[in-house]
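Enquirer: All chains should be built: construct the whole structure from the sequences, respecting the hints.
For the sequence shown, counting from 1, position 184 maps to 184 in this note's numbering; every step adds exactly one.
Wrong hints could be hidden among the right ones.
[Claimed, not checked] Here are the in silico distance ranges between beta carbons for each label pair:
id : residue 1 : residue 2 : range
1  : 308       : 467       : 43 to 49 Å
2  : 319       : 477       : 27 to 33 Å
3  : 347       : 467       : 40 to 46 Å
4  : 306       : 477       : 40 to 46 Å
5  : 98        : 200       : 55 to 61 Å
6  : 29        : 447       : 50 to 56 Å
7  : 143       : 431       : 31 to 37 Å
8  : 347       : 199       : 47 to 53 Å
Hints in this document: simulated from the structure, not taken from any laboratory. Every residue, glycine too, gets a C-beta built ideally from N, C-alpha and C.
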Amino acid sequence: MISLGYINSDTVLRFGPYAFHLHQRLVLEGDQPLRLGGRALDILQVLVEHAGSVVSKDELIAKVWPRSVVEEINLRVHIAALRRAFRDGEGGHCYIVNIPQRGYSFVAPVQQASELMPISCAPAHKPQHNLPARLTSITGRDAVVGSLVRQLPIRRCMTLVGPCGIGKTTVALRVGELLLQHYRDGVWRVDLAMIDDPAQVEDHLTRTLALETGTTLDVLRQRHALLILDNCEHLLERCRALVERLLDSAPRLSILITSREPLLATGEALLALPPLVVPPISALHSVDEVMGYSAAQLFVSRARARQQGFSLREQDLRAVREICRRLDGLPLAIELAAAQIDALALVGLQAQLDNCFQLLTQGRRTAVPRHQTLKAALDWSYERLSPVEQTVLQRLAVFKSAFTLDAAMGVVSCATLLSASLNKVLESLALKSLLSREQASGITRYRFLNTTRSYALEKLEHSGALRTFEMRYADYISQSHRRSGRQVGLQLAE
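Expert: Okay, here's the thing in structure tokens:
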């Protein structure tokens with residue numbers, strides 16, 4: 001058995017043709033990464049670190065799902081996935097065996113590398129990077145981080161998309177940390193939030209990489225590196241052109257992009273970053289069960305950092321769930337709310353949710369102004385919409401739940417906003433992450449985040465048109481009921 005006391009995050013564990021890089025949460029067969037989920041990797045790590053010994057099912061579940069109540073079938077599903085990935089049992093190789101009535105054992109010989117070599121198998125080389133030091137833990141992002149770590153070396157260009165405050169930069173930087181040892185020439189973040197002029201994009205890249213003017217493409221052509229182009233949404237066309245040139249001229253370069261909308265570049269693969277998971281009502285009977293959900297984990301973690309001795313109690317569960325739900329599971333909003341725990345306590349926070357933009361004012365002082373608070377981020381996005389997009393966003397805010405294109409046409413269209421152009425505007429707002437798009441039973445529906453809807457509703461009220469479109473919304477629902485009875489459910493209901 002490998003002693004747990006001697007394993008650290010930089011260790012490589014080797015068995016058969018496989019190498020398990022613990023720091024990067026990556027398993028390679030030769031130089032090809034295996035497609036394994038986060039839970040499967042957790043199970044594998046426990047089994048490999050206890051190679052030659054039997055690990056009981058209860059112990060595995062306790063280590064892999066420490067804050068959740070799960071059925072044994074979940075464990076069996078991930079064990080089966082591991083066996084498939086390792087072609088367990090084929091060609092005389094056997095890695096994971098089931099010991100009846102006892103548990104599982106990793107039976108193949110395991111070697112621990114004395115020092116971590118770059119995954120490219122090049123000679124040892126100290127990674128170079130300009131990644132900022134991470135001051136807090138990352139919550140609820142193991143699956144998406146693992147997916148990016150596995151896919152980036154193969155796909156080369158991936159864009160992480162999502163609305164403001166969802167944590168795109170946090171995830172991208174974590175991916176960069178985990179891939180440092182893979183890229184011989186390091187990982188470099190280029191923060192485009194620092195500039196507004198599209199003409200400065202290439203110069204900003206050159207300065208960030210400390211290169212001589214005019215040499216950027218020639219230098220990068222030779223490099224095995226990862227570029228993180230962060231906050232690209234306001235410079236889409238210039239970033240698209242730059243990325244396509246880099247991919248074409250620098251074959252060993254990988255690019256990870258963060259943006260509120262896709263670049264639509266050739267070769268770009270998209271990964272939408274979901275919100276953190278909010279506890280369902282069914283979880284409210286148990287502190288441990290609520291703490292199995294990432295939105296609650298983040299709130300409690302940040303509240304403890306703010307208020308010494310903060311502890312989640314059963315009587316707090318409903319309030320914490322409501323705070324996380326009303327804030328859409330957005331990490332930035334949850335962090336800003338938790339920062340007010342000293343001043344308002346949980347009851348005060350919950351009471352202030354209707355005024356969420358006044359509540360979430362203690363921003364990140366080190367960020368550029370448009371990233372300091374949720375309202376600042378939404379202001380920045382809103383100001384970059386066309387007048388028609390601004391008008392539609394405001395008027396759609398009267399919808400309290402998901403809606404179809406037909407429903408939107410019935411409520412927000414008028415003499416100056418024709419139905420024929422509305423579909424294009426809805427698609428544009430969805431691309432910009434101001435609406436989410438859902439497909440179910442062949443029907444496309446659009447939906448607001450609560451925070452975005454509150455923002456748009458406030459804009460509609462300031463325009464003086466709130467009452468008008470609330471009445472149009474009510475009339476539309478009434479007419480839909482009269483025309484088709486239950487059919488309104490297909491138009492509006494979740």
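Enquirer: Each of the hints needs a verdict: does it hold here or not?
Expert: How the hints compare with the structure:
1. 308 to 467: 43 to 49 Å: At 48 Å between Cβs, range holds.
2. 319 to 477: 27 to 33 Å: Given range 27 to 33 Å: holds, Cβ gap about 32 Å.
3. 347 to 467: 40 to 46 Å: 32 Å, violated
4. 306 to 477: 40 to 46 Å: 43 Å, holds
5. 98 to 200: 55 to 61 Å: 60 Å, holds
6. 29 to 447: 50 to 56 Å: Given about 41 Å between the Cβ atoms, the range is violated.
7. 143 to 431: 31 to 37 Å: 24 Å, violated
8. 347 to 199: 47 to 53 Å: Hint holds: Cβ distance 51 Å, inside 47 to 53 Å.
Hints 3, 6, 7 from the list above are not met by this structure, while the remaining hints are.
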